[in-house]
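Enquirer: Chains A and B are the protein sequences, given in the same order.
52 is the number that the numbering used here gives to position 52 of the first sequence; each next residue is one higher, with no gaps.
Each number in the numbering used here comes from the position in the second sequence (counting from 1) with 113 added on.
Don't take every hint at face value.
[Claimed, not checked] Sample of chain B residues with no beta-carbon within 12 angstroms of chain A, all distances over it, derived:
| id | residue |
| --- | --- |
| 1 | Leu124 |
| 2 | Glu169 |
| 3 | Glu175 |
| 4 | Met201 |
| 5 | Leu203 |
| 6 | Asp209 |
| 7 | Thr221 |
| 8 | Leu226 |
[What the hints assert, rightly or not] With a straight-line Cα cutoff of 25 angstroms, these simulated SDA-like cross-link-like pairs (lysine to any residue) come out:
| id | chain 1 | residue 1 | chain 2 | residue 2 |
| --- | --- | --- | --- | --- |
| 9 | B | Lys126 | A | Gly40 |
| 10 | B | Lys170 | A | Leu105 |
| 11 | A | Lys56 | B | Pro208 |
| 12 | A | Lys36 | B | Gly211 |
| 13 | A | Lys68 | B | Thr199 |
| 14 | B | Lys168 | A | Asp3 |
| 15 | B | Lys170 | A | Asp26 |
| 16 | A | Lys36 | B | Ser180 |
| 17 | A | Lys70 | A | Gly40 |
| 18 | B | Lys170 | A | Thr25 |
| 19 | A | Lys36 | B | Ser200 |
| 20 | B | Lys170 | A | His71 |
| 21 | B | Lys183 | B | Leu154 |
| 22 | A | Lys56 | B | Lys183 |
| 23 | B | Lys170 | A | Ser108 |
| 24 | B | Lys166 | B | Thr128 |
| 25 | A | Lys70 | B | Leu154 |
| 26 | A | Lys36 | B | Pro152 |
| 27 | B | Lys116 | B | Leu210 |
| 28 | A | Lys36 | B | Lys183 |
| 29 | A | Lys70 | B | Met140 |
| 30 | A | Lys36 | B | Pro219 |
| 31 | A | Lys67 | B | Thr214 |
| 32 | A | Lys36 | B | Arg222 |
| 33 | A | Lys67 | A | Ala93 |
| 34 | A | Lys36 | B | Thr196 |
| 35 | A | Lys36 | B | Lys126 |
Because the hints were derived from the structure by calculation, they are not lab data.
Every value quoted in this text rests on a predicted model; they were computed, and no experiment measured them.
Glycine included, each C-beta is placed from N, C-alpha and C at the ideal position.
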Amino acid sequence: GEDVEQSLFLSVREGDSSVINCTYTDSSSTYLYWYKQEPGAGLQLLTYIFSNMDMKQDQRLTVLLNKKDKHLSLRIADTQTGDSAIYFCAENANAGNNRKLIWGLGTSLAVNP
Amino acid sequence: DVKVTQSSRYLVKRTGEKVFLECVQDMDHENMFWYRQDPGLGLRLIYFSYDVKMKEKGDIPEGYSVSREKKERFSLILESASTNQTSMYLCASSPDLGPETQYFGPGTRLLVL
Numbered sequence: 001g002e003d004v005e006q007s008l009f010l011s012v013r014e015g016d017s018s019v020i021n022c023t024y025t026d027s028s029s030t031y032l033y034w035y036k037q038e039p040g041a042g043l044q045l046l047t048y049i050f051s052n053m054d055m056k057q058d059q060r061l062t063v064l065l066n067k068k069d070k071h072l073s074l075r076i077a078d079t080q081t082g083d084s085a086i087y088f089c090a091e092n093a094n095a096g097n098n099r100k101l102i103w104g105l106g107t108s109l110a111v112n113p
Numbered sequence: 114d115v116k117v118t119q120s121s122r123y124l125v126k127r128t129g130e131k132v133f134l135e136c137v138q139d140m141d142h143e144n145m146f147w148y149r150q151d152p153g154l155g156l157r158l159i160y161f162s163y164d165v166k167m168k169e170k171g172d173i174p175e176g177y178s179v180s181r182e183k184k185e186r187f188s189l190i191l192e193s194a195s196t197n198q199t200s201m202y203l204c205a206s207s208p209d210l211g212p213e214t215q216y217f218g219p220g221t222r223l224l225v226l
């Protein structure tokens, strides 16, 4: 079935780059997403990438998509303490007419001063 | 800006009570979703709706029901609350067109005693 996997924890030093990785199984996904959740809050869309793209850059964020390996990554340049949060990877499930997203469990990013 | 609001940020109820969680979105989105989020389990879809009066079961519908009488409002009902329904409940909405991005409310943290 459809599945999205992420590592659960990542710790980096302030100013370094963070790379959060994700693998997915549904090759028919048309969009893949990165969401951020700060403590006690809802999820906030960071960025998404269309499946026919290899890369998308938005200020400090770079998304890389390797469709052959079904691998998605999010790179955060110059990581700040305000980037400490849980980051979720998701793909849209194209089966049927259901508009569902398939979610990873989230990667908890800790930024140390 | 898309706005998704949830009726309460925190709620304390007793076992056996009927609980209503309300969600309202102001962007005329067709699709609305209810998730629960628990540590180590990520986001789990309870129910979703792709049109007024339409509903579909998600991955964990047992013990819950939903109502969508108006396009902007999606209610989650716990018919008889139990302690294992203590959780963070997140509502989201998404449009039919485009990248199907889901927009989230701030969440309701429910404690069932």
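Enquirer: Going through the earlier hints one by one, which of them does the structure break, listed in rising order?
Expert: When the structure is compared with the hints, numbers 2, 4, 5, 6, 7, 13, 16, 17, 20, 21, 22, 23, 24, 28, 29, 34 and 35 turn out to be violated.
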